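J.: One-letter residues, chain by chain:
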Amino acid sequence: MVSVYSVPSSIPSPAIHADERLHEADHPTSLVARFGADQPLPLDCGINLSPFQIAYQTYGELNADRSNAILICHALTLDQHVANVHPLTGKPGWWEIMVGPGRPFDTNSYFIICANVIGGCMGSTGPASTNPATGKVWGLDFPIITIPDMVRAQAMLLDRLGIETLLCVTGGSMGGMQTLQWTAAYPNRVFSALAVACSTRHSAQNIAFHELGRQAVMADPDWHHGRYADEGTHPHRGLAVARMAGHITYLSDAALHRKFGRRMQDRELPTFSFDADFQVESYLRYQGSSFVERFDANSYLYLTRAMDYFDIAADHDGVLARAFRGIKTRFCVVSFTSDWLFPTSESRALVHALNASSARVSFAEIETDRGHDAFLLDVPEFFDIARAFLQSAGTARGL
Amino acid sequence: MPLGDAGAETGRHYRGDHLLVAGMVDPGSKVLDVGCGDGDLLQLLESRGIDGRGIELSREGVNHCVAKGLAVVQGDADTDLINYPDDAFDYVILSQTLQATRQPRVVLENLLRIGRRAIVSFPNFGFWRMRLQLLIGGHMPRTDNLPATWYDTPNIHFCTIKDFVQLCDEINVKMERAVALDLYGRPLRLSAPWWFWNMFGEQGVFLLSRAGKAR
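Top to bottom, those sequences are chains Z and R.
Numbered according to the working numbering, the first sequence spans residues 1 to 399.
Numbered according to the working numbering, the second sequence spans residues 1 to 215.
Bear in mind the hints are in silico, worked out from the structure with no lab data behind them.
Everything numeric in this text was worked out from a predicted model, so none of it was measured.
Looking from chain Z toward chain R, a few residues come up when the C-beta cut is under 8 Å (computed):
id, residue
1, 356
2, 363
3, 367
We put the CB at the ideal spot given by N, CA and C, even for glycine.
Excised from the complex, chain Z in its bound form (with noise of 0.2 Å):
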C-alpha cells in the first residue's frame, strides 16, 4: 500500500526557510492592529506589554448595527488563518470545513473574526517578535502570558474595530478556553458561546504532556536557551518531538489503529533497526517535521505555558458557578465521545456550573473515535449542532 505519509526516515530540517518565518511574526500577511505606548495590555504578570501588535482575519461582512460578528478563537498550534490559503505552508486554512458560505459559520450571514493570540508567532506579538527596546527577537525575554492576556488583548481589537457585543464567541481546545474566559470576563461583550472540547482548568495529565514537550524543545542544543534566532539555529528536532507527543494526545487509540494498524511503512519486513518500519511512526515523524516548518519553537513553550495556568474557579474564590453567577450568554458545550485529552467529564463539570448559575446552556457529547481533534474533521453532527446553536442565537438577538 502506497501511504501518503511517506517520509525519510528521520525528522528532517524545514523545507520553509527560518527567514519566511520570522519575517511573519513581525510583518504578518493579515490585518494588522498596532497598540502604541498610550494602550498597553496590562498582563497577569504584572508587566505592561507595549507597544504590541494582533495579526488578524476577517471572512464576511460587518452589519449596520454591528450585530453580526463573531470571534473565533484558535487553538494552541493553529493561527488566525481559518478559511484562507495559510501564508507559510500554502494549505487550507484550518477551519474551511465550518466557515463560508453556506457553511455553518455562514459568511454570507455572519462577521468572522479570528485574530492570532498574543504570545503566537504568525504576527501577533510574541517571542519571535522583535524586542522593540533591543532591536532583537524577543525570545525568554517576552513576558509569561496567560489565556486571559490573550482574551483581553482580543477585547481590545474588538474596540479597535468598533464592536461592543459579539454575536459568538467560539473555539475547540486552547479556543474553548479562550472563550469560556470571554464570558468569564465580559460577559454582556458575549451573546452566546460555543465552548468545544475543552474544559475551565488545565487537568494535571495534561500539564504533564505539556511540560514533555517543553523539556523536549529545552533538550534540543539548537535552543540555546530560547535564543536560537541570534545563533541562526532552531530547536526543529525538539520542536518536532514535542509535536508528535502532543500528536498523539489529540487522537485516540482506536483512530491510529483504523488509520495506522501494525502496518508497516514501504516494506513487507522489519528493517531491525529503528526506522520509521510501522505506517505510524512515519505519520509522527511526518507530523512532527511538518509542525516546525510553520511554528516558532519559544512560542510552543509560552502558549502550553498559558494553557497550564488556565483555571476559572481560582480566579473566583475556586467556586466554578461563581465565575458565571448571572450571566445571560447562551452557552453551548460539546464534547466528543474519544476525546481523552478534553474528556467529557470536564464539559460536564462546566455544565453544572452553568446550570447552577442557571445560564441557558445546551451540552452535547458527539459520539466519534477520532478523539480531541474531532472538532477539526468532517463530523456532520456537530456542524448540525454548531449551526443550529448560531441560528437560534441569531434570532434571539434579533438577525
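On the provided structure of chain Z, position chain R as indicated by the hints.
T.: Quick look at chain R alone, frame taken from chain Z:
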C-alpha cells in the same frame, strides 16, 4: 380548543398531552423539561414565548434537540437534578419519565425543590386494559404506548394514579390540578370519582406545588 386532539399550532401538530401540559404553564415562565426526548414539548413551549430548558438521557435525543436550537443538556433525572439550585425554575416538567427513574420519590422531591411547581405525567398502571392483561392473560401488560417486554423495558417503577396521589400526600405535595387522559389522549370528565380515573385513565397529568409551610 379540545385538549385531547392533536392540535395545530404554528403550522405543526403537537401531542395531546403536550398541549395539556403546555396549557398549565403561565406565559413568560422559566421551565425545565426533565426527560425532554426529541424536544417536541420544549418547542411548543418556546413557540409560546416560554424560556425552556431540557435534560435528556439519550445522546441522540440531546443532539436532536440542540440541532433544533433548544437549550438541552445530556443528563439523568436520578443523578443530575441535585446540581440545580433551589427555585431555579417556575415549572419543572417530568413527562412520561417518572416510571423510568430509579428513585421516583427523590426525583419528585427534587422537582419541587428546583421548581416552584412541577408538572408530572405518567402512564396509569391501573388502566383497565393493563388490569385485564394481567387478570385474564396472566402476563405483564403491553400497550401501544408501552410496547416493551418486561425484560427490556426501561420502565422499572410503574404506578397507578391512586399510588401517585398517595405518594403526593405522603411527601406533603399539593395537587393543584389533576387530569386523567383516556386512550385517545382526551381528558376524562372532571366530575368523575378517583376510582373511575384510576380505571379508565390511560395516563395521569398532575400540576403540583409545595404544600403550605412544609418547606
